[in-house]
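Student: Next come the chains, spelled out residue by residue.
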Amino acid sequence: MRRIGVGLRPLLESVLAGLIGLGVGAIIMRAWGYNPWPAYMALFKESFGSGYGLANALANATPLILTALTFAVGARAGLFIIGAEGMMYMGAMAAVAASFFRLPSGWHALFALLGAALAGMVWGLIPAVLKAYRGVHEVISTIMFNWLAHFFAFYLVANVLVDPIRAEKTISVAKTSRLPILFRGTDLSFGIAVAVGLAFLFYLLLWHTVAGYEIRAAGANPHAARYGGVSPRRTVLLVFILGGMAAGLAGAVETMGRPPTYAVYSGLTNIAGFGFDGIGVAMIGRIHPLGIIPAAIFYGGLQAGARLMQMEAKVPFEMVRAVQGAIVLALALPELARLFRVFVRRARFQEKKT
Amino acid sequence: MRRLGFVLLAAVLLTLPALAGRVALILDVGGRGDLSFNDMGFKGTEEACADFGWEMVEIQSATSADYLPNIRNAARTGKFDLIICVGFLLADALNEVAPEFPNQKFAIIDAVVSHPNVLSIVFEEQEGSALVGALAGMLAAEYGYPYVGVVLGIEIPVLYHFEGGYRFGIDWGLKKYEEVTGKKADVGLLWVYTGTFSDIAKGKAAAEAQLEQGAVAVYNVAGPLGIGILEAVTEKLAKEGREAGPPFMIGVDANQDWMGDGNKVVASMMKRVDVGCYTAIKMVHEGTFQGGVLSLGLKNKGVGISRYQDLLDFIEFGIKAGAITEADRERIVENWQAMRAAIPGWIWEAVDELEAKILSGEIVVPKPETREEMLAVRAQYPLTR
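Protein chains in written order, with the numbering used here: chain A, 158 to 511; chain B, 10 to 394.
Honestly, I wouldn't trust all of these hints.
[Unchecked claim] Calculated lysine-lysine pairs in the BS3-like style (CA-CA distance at most 30 Å, straight line):
1) B:Lys248 x B:Lys310
2) B:Lys308 x B:Lys329
3) A:Lys471 x A:Lys202
4) B:Lys88 x B:Lys329
5) A:Lys202 x B:Lys88
6) B:Lys184 x B:Lys308
7) A:Lys471 x B:Lys291
8) B:Lys329 x B:Lys310
9) A:Lys471 x B:Lys329
10) B:Lys376 x B:Lys329
11) B:Lys366 x B:Lys376
12) B:Lys88 x A:Lys471
These are calculated hints, taken from the structure and not from any lab test.
All chains, full assembly: derive it from the sequences and hints.
Tutor: So this is what it looks like as C-alpha cells:
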C-alpha cells in the first residue's frame with residue numbers, strides 16, 4: 158500500500174465514515190417517517206446490483222473523476238482550486254465548437270478532446286499566473302473565474318453555438334466526434350476510459366516523476382520545498398495546467414459521450430455542478446488519483462440509485478438528496494479534517510515567522 | 010368454517026381498492042412546488058388516479074443528464090401501464106427510449122415525439138396568450154402605462170407560441186382601444202428570456218426592471234419564476250402604498266389569480282397540463298390509447314383565460330399545496346371580484362369578443378415554431394415606442 162502513496166488507515170477511516178453517513182441518512186429518513194431499509198435496498202440494488210445501474214453509475218462517475226483530479230492535484234500542491242467548474246464549462250464549449258469542423262470519425266473526437274483540454278488549460282492558466290506573479294489567492298480568483306466562465310458559456314450557448322432550429326440548446330456534437338457507447342442501451346461511453354486513464358497518468362506523474370515529487374513537496378512544506386530548490390511559480394503553473402486539462406476534458410466527455418442530445422442546454426443544466434461535485438469526490442477519494450476512481454463510482458452510484466429510491470421506496474426526491482448529502486458529507490469529513498489540520502499548522506508556522 | 014373464510018376473503022377483496030393501473034410521472038429539473046406547470050401535471054395525474062383507482066409514482070430529475078436514465082429505468086421495470094413525461098425538455102430522451110420499449114405506453118406534454126407508442130400532448134398556447142395580451146394592451150392604454158411586460162424562461166419553441174400570441178393580442182387590444190375610445194394608444198412591449206425555469210430570483214429581477222419602466226402587467230411565461238414576479242409586483246405596490254394592482258402579474262399554466270391575496274394577478278393564461286395528463290391516463294384506462302398528437306386549445310378547454318369558476322377551483326389547489334388556508338378563501342374571492350370590477354366592462358367584453366373570433370376561426374393567431382418564424386412575428390408586431 159505504501160508504494161502507491163496511501164496507508165491502510167485512510168481506507169478504514171473512509172469505510173467507517175461511510176457507515177456513519179448511512180446511519181445518519183437512515184435516522185433522517187426514519188425521523189420523517191420513511192423506512193430506510195427498503196430505501197437503501199433500492200439505492201444499492203440500482204446502483205451496483207444491476208448491469209444497467211452499474212453502467213449508469215460509471216457514466217455519472219466519468220466527469221466527476223476528471224474534475225476531482227483538478228482539485229486533488231491542487232490540494233497535493235497545497236492549493237485550494239475551486240475553479241474546476243469554470244474550466245469544465247470551457248472544455249464543454251470547445252468540445253461543441255469542434256463540431257464546426259469536419260474530420261473523419263475518431264480523429265474528430267480526438268481533436269475535440271484535445272481542444273477541450275486546451276480550453277480548460279488556458280482558462281486555468283489565468284488564475285495561475287495571477288497567483289504565481291501577483292500572489293492573488295487561488296480561492297478568490299477561481300471562484301470569480303467560475304462566474305466569468307458561467308456567463309461567457311451562457312452567452313456562447315445562446316448566441317454562437319446555438320442550434321438554429323432549437324434555441325434551447327447548442328448544436329449537437331457531430332456524429333464523427335461522439336465518444337462511442339460501450340454497451341448498447343446504456344449511457345456509458347468511452348469517456349470512462351479517458352477519465353480512468355488520466356487518473357492513472359496523474360498518479361504516475363505525482364508519485365513517480367521529479368515534477369510530481371516537487372508538487373507534493375510544495376504541498377507538504379512549502380518553505381522546505383523552496384529551500385530545496387523547488388520553484389513555487391513553476392509548481393503553481395504546472396498544477397493549474399494539469400488541473401485545467403482534466404476539468405476541460407470533464408466538460409468534453411459529458412457533451413461528447415452523453416446521449417441523447419450531445420449538446421449543452423441553455424442554462425447549462427446538463428453540465429452545471431460537476432466541478433463542485435468533483436471537490437466532494439476528491440475528498441472522499443482522499444485527494445489521491447487512484448482513490449478518486451472508486452469515490453467517483455460510489456458518488457455516481459448514489460445518483461443512479463436516487464431514481465429507484467423514488468420509484469420503488471417512494472422516498473421523495475428532496476429526501477433522497479438530503480440522505481445523499483449526509484453520506485457524502487460523512488465520507489468527505491476525514492480528508493477535510495486532515496486538510497484543515499495542515500492549514501492550521503501552516504498558519505501557526507507563518508505566525509511564528511513574523 | 011370454510012364458508013366463513015370465503016365471506017371474509019370476499020369482504021377483504023371488496024374493501025381493498027382494486028389497483029387498476031400504475032403511472033409514472035417523470036418531471037424535469039423544474040420539479041414540484043412551482044404552483045404551475047409541474048404541479049398541474051401532478052394534479053391531473055392525481056385526479057385521474059383517484060377516479061380510476063390507479064397508483065402514481067413520481068420521479069424528479071436532478072440534472073438534465075438524468076432524463077434518459079429516469080425514463081429508461083421506469084420503462085425497464087415494466088411495472089407501469091403509462092409513463093408520462095412532463096415537459097418539452099424530456100423529448101430527446103423519450104425519443105431515444107420509446108423505440109427500445111415498443112410495448113410500453115408513453116405520453117409527453119409539450120413536445121411531439123413521433124413513435125407509435127407515444128401520445129404527444131401539445132397546447133395552442135398562442136390562443137390563450139392572445140387573450141391575456143389583448144387584456145394587457147387595453148389595460149396599459151386605459152390606465153396610461155407606457156408598457157406591458159413579459160418574463161419568459163428558456164428560449165424553447167413552445168415559448169415562441171406564448172410570445173407570438175401575446176404580441177398579436179397586445180396589438181389587437183391596442184387597436185380595439187383606439188376603436189372604442191377614439192384615442193391613440195402609445196404602448197410598447199418589454200420582453201426578456203431569462204434562460205431559466207428554476208431561478209426565482211432572476212424572475213424577480215427581470216420583473217422589477219419592467220415595472221420600473223412602467224409596465225402595467227408582467228406576463229409570467231416561466232413557471233416557478235412567477236413567484237418572483239409576484240414578489241416584484243407586491244413590492245412595487247407596497248412602495249406606492251396600494252394593495253391592488255395595477256401593476257399586475259398575469260399568471261400562467263395554472264390559474265394563479267388566487268396568489269397574492271387575489272388582487273395582484275389580473276388573469277391567468279391557463280394551460281391545462283392537468284387535463285392533458287388526465288386525458289392520457291383515461292385513454293389507457295379505457296383502452297383507447299394510441300400514439301399520435303393530441304392538440305388542446307381554446308375549443309377543447311386545453312387553454313383559456315381564467316374566470317370565476319376557475320378561481321374557486323384553484324383556491325382549492327392552493328389550499329392543498331399549503332400556500333394558503335381555508336381562512337383566506339373568502340377574502341381572496343372578494344379581492345378578486347373587486348379587482349376585476351374596477352376594470353372597465355368594455356375591456357372584458359373585448360376579451361370575450363376576441364375569444365369568440367378565435368373559436369369561430371375568424372381570427373387565426375400566429376403560432377411561430379422556429380426562430381425564423383418568431384423573428385418574422387417580432388418584425389410584424391414590434392411594439393416599440
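Student: Would you mind marking each hint as holding or not holding in the structure?
Tutor: For each hint, the structure was consulted:
1. Taking the CA atoms of Lys248 of chain B and Lys310 of chain B, the gap is near 38 Å; set against the 30 Å cutoff, the hint is violated.
2. Straight-line distance between C-alpha atoms of Lys308 of chain B and Lys329 of chain B comes to about 29 Å, which keeps the hinted pair within the 30 Å bound.
3. Between Lys471 of chain A and Lys202 of chain A the alpha-carbon distance is near 15 Å, which keeps this suggested pair within the 30 Å criterion.
4. Between Lys88 of chain B and Lys329 of chain B the CA atoms are separated by roughly 29 Å; this keeps the pair inside 30 Å, and the hint holds.
5. For the proposed pair Lys202 of chain A and Lys88 of chain B, the alpha carbon gap of about 17 Å is at most 30 Å, so the pair holds.
6. Taken as a hint, the Lys184 of chain B and Lys308 of chain B pair is honoured in the structure, with Cα atoms around 25 Å apart against an allowance of 30 Å.
7. A C-alpha spacing of about 24 Å is found between Lys471 of chain A and Lys291 of chain B, which places the hinted pair at or below 30 Å, so the restraint holds.
8. Restraint check for Lys329 of chain B and Lys310 of chain B: satisfied, since their Cα atoms lie roughly 23 Å apart, inside the 30 Å limit.
9. For the proposed pair Lys471 of chain A and Lys329 of chain B, the alpha carbon gap of about 20 Å is at most 30 Å, so the pair holds.
10. Between Lys376 of chain B and Lys329 of chain B, the direct Cα distance comes to roughly 35 Å. Violation of the 30 Å bound is thereby established for this hinted pair.
11. As the CA atoms of Lys366 of chain B and Lys376 of chain B are separated by approximately 16 Å, the hinted pair is consistent with the 30 Å bound.
12. The hinted pair formed by Lys88 of chain B and Lys471 of chain A meets the criterion: a straight-line CA distance of about 14 Å does not exceed 30 Å.
Checked against the numbered hints above, the structure breaks hints 1 and 10 and satisfies the rest.
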